[in-house]
Amino acid sequence: MANVLDLRRRIRSVRNTRQITKAMKMVSAAKLRRAQERAVTARPYAAMLASVLESLKRRAEIYDPDTGELRHPLLLTRPEKRILLVVISGDKGFAGAFNTNIFKAAANFIRENDQREIDIEAIGRKGRDLFRRRYPAAQFTQAVEEGERPQRQRSSGIEVIGEHTGVLERLTYERVRELAEEIVARYTHEEIDAAYIVYNEFKSVIQQRVVVERVLPILEIGARQVAESREFTIEERERAAEAALSAGVSLYPKEAEAAQKQLEDETRNFGTAEVDYIYEEPPRDIFADVLPRYVTSQLYHATLESVAAEHAARMTAMDSATNNASEMIDSLTLTMNRVRQAAITKEIIEIVSGAAAI
Amino acid sequence: MADPIKVRLVTPDRILVDVTAEAVEIPAKTGYIEVLYGHAPLLSEVGTGEVRLHGGEADEQRFIVARGFVEVLPERVTILAETAEKPEEIDVATAREQMQHGEQIWNEAGEDPEKYAQANEIMAEATTRIEIAGER
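These protein sequence lines are chains A and E, in that order. Every letter in the first sequence is one number past the one before it in my numbering, and letter 157, counting from 1, is 157. All you need for my numbering is the position in the second sequence, starting with 1, plus 1000.
Keep in mind that the hints were calculated from the coordinates and are not lab data. Ideal Cβ placement from N, Cα and C applies to all residues, glycine included. Errors might be hidden in some of the hints.
To be verified - Facing chain E, from chain A, some residues (calculated, C-beta under 10 Å):
no., residue
1, V4
2, A42
3, P44
4, Y45
5, M48
6, L49
7, Y173
8, Y277
9, I278
10, E281
11, R284
12, D285
13, T296
14, Y300
Claimed, not checked - Selected chain A positions facing chain E (in silico; Cβ < 10 Å):
no., residue
15, R38
16, V52
17, S55
18, E174
19, E181
20, E280
21, P283
22, A321
23, N323
24, S326
25, Q341
26, I344
If we strip away everything but chain A, and leave its shape as in the complex, we get (with noise of 0.2 Å):
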């Protein structure tokens, strides 16, 4: 049997992680809370972008009058031989299932997908260190002739194309838009046939869902094209509802989102008036411009949202450890005490049976 001493140095480690695990908590709830104001006041561009489109396929004529065919590449579809699959994963663990999560997704994707060429661009250094161990890196031929795309030398079907971390930590608008410029260039030469998002949907801390979202092509604006999707489940959504609660965090944000809301209907509203424009440029060339943006807002959108998600994870994660390192002390201590106790009655019984043999 463990001895006093040895139990007490238990204890006082598992306090001490327990005070980690407490603060970790606390600053994920932080985190979460901006990341959570970030993600609400960025809808009103995204709603706008969308309404725009909207309102401009209504009068732009996306199809050739004379031929049929779209006026735009990144409306086209092809059939998808070529993928590219975006994982948007976190740059640090300790988040409970978060990574996982997406990491299961993806590869089933890929799974699903295995008669196809997929390209993955690794936002999140989880992410970047599952699909470098195992696929290759992409490889160009070095030399680019001036004006030309570089040339693909493939040597598997699953390769990873690009990665980006650090993006997260610092989230701007400018990193994701570089990103989403390659993509629609890739799309425009016809070096992808799609593009997909795998990432955490935040709705709130208890609302949240790993999806897979095709952004490229763009088959009806405004409308999500969610290929597939997994929900919490009822004991994650406990959990996490648990935690929110001691790290102070509010479920449903509602004075903000009735203040939201009004904003939400008014942006919707944004460019559909029920007037003519005068169109200082040609409709067809704003749509132009428009689409890719779209791809961009879309992409943003979900960086943000996956932000929100990890810290709301890792505070999920957090508190559980708490929790559990709250209970280990517990039983440890009821462990120390008996086994002070029993050496206490030990030594009397030793004294009591001492005295009564001389």
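Given the coordinates of chain A, work out where chain E should sit on it, guided by the hints.
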């Protein structure tokens, strides 16, 4: 006094400005336009330049914007811009770097028209930034 017009400047991160003003100058792609209350509905791309708000609550505010759209309705103006900043926030050093970056793309563009267009856009942005920063 002219009727005030509602002005909203929206960036991907947040709604930057939501005020009323008497007049708004907007750098449309084909040139600056000025909008007063009762303007005919208009939809246009926004190039790189300065949005100026005059009068009303706004009372002389200026913003550097780039890559966006504007919707004008008789009583409301909404500007969507990927970047928008106040003149005093501009960092000349960063703008110079941006300029160099643009020049570099220009020099390496070869025969790719897309690259030239991209370089032009970057340089135009940088020029506006440097000019406006120099004014203050």
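Against the structure, the hints come out as follows:
no., hint, verdict
1, V4, "57 Å, violated"
2, A42, "6 Å, holds"
3, P44, "6 Å, holds"
4, Y45, "5 Å, holds"
5, M48, "6 Å, holds"
6, L49, "7 Å, holds"
7, Y173, "4 Å, holds"
8, Y277, "4 Å, holds"
9, I278, "4 Å, holds"
10, E281, "6 Å, holds"
11, R284, "12 Å, violated"
12, D285, "8 Å, holds"
13, T296, "8 Å, holds"
14, Y300, "6 Å, holds"
15, R38, "7 Å, holds"
16, V52, "6 Å, holds"
17, S55, "8 Å, holds"
18, E174, "8 Å, holds"
19, E181, "9 Å, holds"
20, E280, "3 Å, holds"
21, P283, "8 Å, holds"
22, A321, "33 Å, violated"
23, N323, "36 Å, violated"
24, S326, "39 Å, violated"
25, Q341, "62 Å, violated"
26, I344, "65 Å, violated"
In summary, the structure is inconsistent with hints 1, 11, 22, 23, 24, 25, 26 from the numbered list given earlier, while agreeing with the others.
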